[in-house]
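In this note's numbering, the protein residues as written are 4 to 71.
It should be emphasised that the hints constitute simulated quantities derived from the structure, not laboratory data.
Mimicking EDC-like on lysine to aspartate or glutamate, the simulated pairs with C-alpha atoms at most 16 angstroms apart in a straight line are:
1. K11 / E31
2. K11 / D56
3. K46 / E63
4. K24 / E43
5. K11 / E42
6. K49 / D68
7. K38 / E63
8. K37 / E71
9. K38 / D56
Derived Cβ-Cβ restraints for the label pairs, each shown as a range:
10. N50 / I23: 16 to 26 angstroms
11. E63 / G32: 18 to 28 angstroms
12. N50 / R5: 40 to 50 angstroms
13. Q60 / I23: 18 to 28 angstroms
14. G61 / N12: 12 to 22 angstroms
15. N50 / T7: 36 to 46 angstroms
16. I52 / K6: 36 to 46 angstroms
17. I67 / H8: 28 to 38 angstroms
18. R70 / Q22: 12 to 22 angstroms
Treat the numbers as computed from the prediction; the structure is a model and nothing was measured.
Glycine is no exception: its CB is placed at the ideal position from the N, C-alpha and C atoms.
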Amino acid sequence: KRKTHTIKNNLVIGIEDRQIKYLGGTHEGKKHDKKICDEEEIKCPKNSICYRDNGFQGYEMEEIDIRE
Numbered sequence: 004k005r006k007t008h009t010i011k012n013n014l015v016i017g018i019e020d021r022q023i024k025y026l027g028g029t030h031e032g033k034k035h036d037k038k039i040c041d042e043e044e045i046k047c048p049k050n051s052i053c054y055r056d057n058g059f060q061g062y063e064m065e066e067i068d069i070r071e
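Using the sequences plus the hints, can you model the full thing?
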């Protein structure tokens, strides 16, 4: 089995309109999602609701309702 190099981007999508709200830079696949968020400082409108997966545990944004 060959190992391959992977890449990843963080992405924020609107639930209702399904539009891309944020597309982060490209990072190597082994880099943790939370570390990428800490470095990129993702911005969302105040009082937004943000759904996230387990890779982002511990990442918080002011005035944003975060759900898993």
